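K.L.:
One-letter residues, chain by chain:
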Amino acid sequence: MHFQTYRRIFSAIAGLAVVAMTGTAAVAAEFPPEQIEFFEKSVRPVLAENCYECHSAKTHKVGLRLDSRDRVLRGSDYHKVINLEKPEESPLLLVVRHEGAKLKLENMPKDGAKLSDKAIADLTQWVKMGLPWPEEAVDLTESKDPKDHWSYQPIQNPAPPQVKETGKLRNEIDRFVLAKLESQNLTFAPEADRRTLARRVYYDLTGLPPTYEEVERFAADKDPQAYEKLVDELLRSPHYGERWGRHWLDVARYSDTKGYEAGGRERRFIYAYTFRDWVIRSLNEDMPYDKFVLYQLAADHLVKEDSPERAHLAAMGFLTVGRRENTFEDIDDRLDVTFRGLMATTVACARCHDHKTDPVPTMDYYSLAGVFLNSEEPEEFPVVAEPADTPEYRAYLEKLAEKQKVVDDFLEPKLAVVAKENPNIANRRFQLISKLERPDRRQYENLQKVVDKFIADSRMEPDKALVLRDKESLRPLRVFIRGNPSRQGDVAPRRFLSIVAGENAPEFKEGSGRLEMAQAIVDRNNPLTSRTIVNRVWGYHFGKGIVGSPSDFGLMGDLPTHPELLDYLSTWFMDNGWSLKKLHRLIMTSAAYRQASVHPEADRYTQVDPANHFIWKMNRQRLEFEAMRDTLLLTSGQLNQDIFGRSVKLDARNEPPRRTLYAYIDRQNLDPVFNTFDFASPARHTPERPYTTIPTQALYMMNSPFVVDQARLLVARDEIQTLKDPKERVKTLYRLALSREPTADEADMALQFVSSQNDPVLEANRQTITQWQYGWGDFDPEFGTVNFRPFTRFIKDHWQPATAYPDRETFGYLALHAGGGHPDNAEAHNTVVRWTAPDDMVVNLSGVLRKPKAEGDGVRARIYSVSKGLILEKVAEPGKEASTVLKGVSVKRGETLDFVVDCMANNSHDSYTWEPEVTNAADDSQYWNYGEDYSGPGRLATPWENLAQALFCTNEFMFVD
Amino acid sequence: MSHHSLNPEHLFYNRRKFLNRCGMGMGAVALSGLFGKALGVEAPSPSSLNPLAPRKPHFPAKAKRVIHLFMNGGPSQVDTFDPKPMLTKYNGQMLPGDYIKTERKTGAALGSPFPFRKYGQSGLEISDLFKHTAENADDMCVIRSMHANVPNHEPSLMLMNTGFERVSAPSMGAWITYGLGTDNENLPGFVALCPGGVPVVETQNWRSSFLPGAYQGTHIDTKNTEIEKLIANIKNQKVPDLYQRKQLDLIQRLNERHLEERQRDAKLEARIQSFELAYRMQMEASDAFDVEKEPDYIRDMYGRDLQGRQMLITRRLIERGVRFVQVWHGAGQPWDSHNQIEKEHGRLAGECDQAIGALLKDLRQRGLLEETLVIWGGEFGRTPTVELPTPGSNSPDTKLGRDHNHHGFSMWLAGGGVKGGTAYGATDEFGFKAQENPVHVHDLHATILRLLGFDHEHLTYRYAGRDFRLTDVEGKVLEDVIA
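These protein sequence lines are chains V and H, in that order.
Using our numbering, you'd call the opening residue of the first sequence number 1 and step up by one each time.
Using our numbering, you'd call the opening residue of the second sequence number 962 and step up by one each time.
Don't take each hint at face value.
[Unchecked claim] For lysine to any residue, the following SDA-like pairs were computed, each having C-alpha atoms within a straight-line distance of at most 25 Å:
#1 LYS731/V / ASP1210/H
#2 LYS1360/H / ARG438/V
#3 LYS1196/H / ALA716/V
#4 LYS449/V / HIS1419/H
#5 LYS1190/H / ARG793/V
#6 LYS453/V / GLU1163/H
#7 LYS58/V / THR1421/H
#8 LYS58/V / ASP1416/H
#9 LYS1360/H / ASP718/V
#10 LYS58/V / ASP1433/H
#11 LYS435/V / VAL1111/H
#12 LYS1184/H / LYS58/V
#13 LYS1196/H / GLU437/V
#14 LYS1062/H / LEU436/V
#15 LYS1066/H / ALA1014/H
#16 LYS1066/H / ARG442/V
#17 LYS731/V / ARG1206/H
#18 LYS1196/H / ARG438/V
#19 LYS727/V / LYS1062/H
#20 LYS731/V / HIS1219/H
#21 LYS731/V / ARG1065/H
#22 LYS649/V / ARG1423/H
#23 LYS1066/H / LEU436/V
#24 LYS110/V / ASP1433/H
#25 LYS1196/H / TYR934/V
#26 LYS356/V / PRO1399/H
#27 LYS449/V / GLU1115/H
#28 LYS1066/H / ASN669/V
#29 LYS1066/H / ARG438/V
#30 LYS796/V / LYS1079/H
#31 LYS435/V / ARG1065/H
#32 LYS61/V / HIS1219/H
#33 LYS114/V / ARG175/V
#34 LYS796/V / ASP1182/H
#35 LYS1190/H / ASP666/V
#36 LYS582/V / GLY263/V
#37 LYS110/V / PRO1399/H
#38 LYS61/V / ARG1206/H
#39 LYS435/V / ASN1300/H
Honestly, the hints are just simulated from the structure, not real lab data.
Because the structure is a prediction, the values reported are computed rather than measured.
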């Protein structure tokens, strides 16, 4: 149709017989000379003078060119302009006759006077003749047919080439890579050593480093299959799905929010995490990739909502977690993620005009847009995992119903009125709502907002899937001229991309056609799908794809560096059941992958191939933000390695922190640290992350409270704290932070660094701060001491056991602040302030316990000493106070006094104030007042913490060889 | 210990051992964008390893830096920079001619309560609302024929800041920082000052979108006065300066060994260098935001209030080579005076006029104005007619206010190669619609890029199969605005 010539060449290349060639295009030279003369004398001058300013080589408005016969026949991006069957009705003639309105076309010439009657008659005559035009030289600027482009050709299964150095081969991949290297007189780098390989493989497959012990075990493994065993073991790790799931979320532009919503409307998707979790689970189960894609595009057609397979409905988040704007922007977003994501094809360019470089006509865009136009979100999202029927859940449902009732009480009577007026949509709630009067609608939105927020805030809401479904009544879509919905062209039949399915491909039959579209994407004969995913997987492993533009295999994209290898792998992948895990294994067990990241002949090689296109070494890779943050948390012993679950805010410092993959992604106001570290923008699909090196990244490592905190927590680990020998400490720090032991030199440098910070003034300063400790616990009669557990969170000047305050799940209001605190009523949930004696001495204790509120049953203070047990007990009645004075308590150096407050029988209204003071009885200028000394985690980092942080900042920490 | 004392030995050690060796050449790949060819000359592409390094534009230009004073909410043109005696004449009467549709219904003409006067040698007419600013009239070019597409804040903010109303696209500041890098790598290249929170559409106003995150505007809440609260991670609260330097030396010595074992690797070298940059940034940034360092007479000239402080910070940033400073009047949309224009605009201009006037004067005195392009305006203007109360919309007692108006509004440019003391274009006799030489937002963008030395059609970035630009497929340069 549009691309007769393209089609012809394409067919020939593809080895197909040229069956039908439309006569008009093929016989251009066959016109009698007098017709050619007529054209030259009477038609070409008219065209040149009146049309070419806008419709020739330099400018071709609406994609229309009138400077060659083929182009006239092709027409604009939206219409044919010539009708050879009924010449008089040709749109070209209508518009010059100023009858364009019949077809909703603008009259022409647009800015000039109407053509003379003679000119119009000549043009008409010319069209009737069948557009006589002399044979003209080929326009060199358009010499290449875009359909010849490599990526549109069928995937081949090339035989692996012969190589000279067969001893270096590990599998078939290597033949392709080595053959290319040898052709340049290059060869592989030697295999990386075991320790390097361990770090590489762990990060590559799990996003986490190996422990020191894991590295050493692998290094010592004598089994010739040790490496393969390790790869297999890690492919079985549940963290594999997390690591590669995050790669997929880059493709899927994952976000927990819709983007900007005016007027305080709920921005959260609430259920986006069910998609994330489905991706992790499916990858861990090695779901065949074709099935993986089918579910993401059309699970609603493939599984029933009441079947056990309904969990797969969550897959459709792939389409729905995009930015929300309006109908056609949302469709554009879904088309973009589908076709760039799955077929490395940039269809979005064809929204306003035929793709400038790739064979994607505007008609194709609207054919596929029609699929999404006829898919909609249901009013209720389906539940994918039934919540446990607990009293809390039932309470939640009751509360929800109560809140929803407020909305319904307002809305239902109004809707009933509208339904009566519009019986055809009486049971379509959304549509009825859209027909409400503006003030009513606003009122409804304001009420509904409250309910939406309640649901989004709740942890009790069941898991639901963000699905699409086909619309009940289908709506045809017309081409939008220049992408403008108010200027519509021909109807676009719902069908697949012409570059794959051919022109005039059959229309989709079932519903919106979404399932058929999905099937066409994963069809074995689709030349793009397998290549796209194989290239992505290769790219994540090597840091660079075989095609350098992983989401653009079009004419603007990069050419493959190893086209045969790409085809070989694409075929192998499909032949092996579209198994991603098998593909990983094949790639990772190749000699190409196992190379060192340095090469003995680096200088010469760098001259020949500076960018390492030929893969003569492994590319050194920097940890992404997620891997970096996860490693810090793992190293400090804080990382919660649970998989699945709702997203948590990055700065929530929840207890204990989760892997970064579970961080709440706010599309609208992304936490700036993500941008600092080149995170995948959730605005749209991310083919590959940007790579920048900027000082704000370094500032984060040097100064952020998060990194400083991890250094503190690393040093606080038992493995370090139990060691007295500084040398042993350095060794263990290295093992924990870098999974290796320090060299003798490095150990010396570390020790020197630590001892160089022995500033007596600073030390004293640190001491003061650590005289008091803040925590919770209870007296344990069995051991005769208080079972003291330090608070781990310091938020808004409060020491507390969890991030949330109050912590509804466990600790309630349990916390300490500068003036006092609040106990909880669960067992042992008492506040404990611990004071440590700096020396042998006798001390006097003073202070006043107050319980300001008149409600409740009072609070009780107890003071315990290690040597004497309970030494004081006082109760402050509601609204009253009690003095806590005790003289002459003798303590030994390092002995502790514990100041414990409990809530008596119930803990309501149990906020108290108490600032105990300890005074040296022999020297009352030496005293420690709880309130005055109150502070957060030690004001200054210790030398050891500074050392730990330095290790975090090194390139060794941040890069994987 | 003195403030971040830089031991010369440290500097020497690091410089000699690393920095000079860090050539940034080999392996430093260009960002995936095209830094287009213009006039046959290919401008150098930004490097991914040092994306903020200064670069030359397509052709030489006067303007090197930009200050964008954003009066968010939409200031009224007829009360500020577009005098309309006819409007005053029609005060209280319906305007003749067709009713022009805006977001809400409007009624009779509302003459400006603010008198206009002529200023400078040029005699440019400016209302009393901006009498301090007006003292700089001979440096200003007022564009009185601006127009945008719709009378709604969200799309208009996006259009003014990114050139696109809906799709995610990089902001102008991100584009310009991408194009020129920054002259001071110890500070962010693109800073968005907004006191008290964020404007409508929030961080989208200064985002980098598909450009690398390095070009994203850094939002600074100028309501804060402590440096630690102004810039994230600018100071380590737990490590004294002396120890931090020791710590950094240890890091770099470890990095040096690491590098030696790994042959030449530009990415490793770049990261080594970035830590030194970051170390210096701590001092430089703290200094830049510390307005206490200014003499009293300067602080008095700007005014010792919020706007005075943020304009003074602006000058200190520009002086230090920050490429693009966007200054927002405040969080939300302060200039959205649907009600009581006299009182509301009076208050708003009262807050910022002195500071803006001082900023222009101060820049000029320091010789910075020639190289600094100052832009003033909102996302659109306001109706010359009075807004009528709309049920379910604004407050029912709306009176003597003005509705949004995208058909015609005023902005001004100053410094940076702009033809001062001039007015360009005109609205109709009532100030409703751009009539003479209409200037679309795309045209303004094209002109701003030209003033900075770019052909707006060739400052592009390849994304999703297409070369994107700030001006999409539009934009014409206003030659008459350029000196």
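K.L.:
Taking the earlier hints as the rules, which of them does this structure contradict?
P.N.:
Of the numbered hints given earlier, those the structure breaks are 4, 9, 12, 13, 15, 18, 19, 21, 22, 26, 28, 30, 32, 33, 36, 38, 39, listed in rising order.
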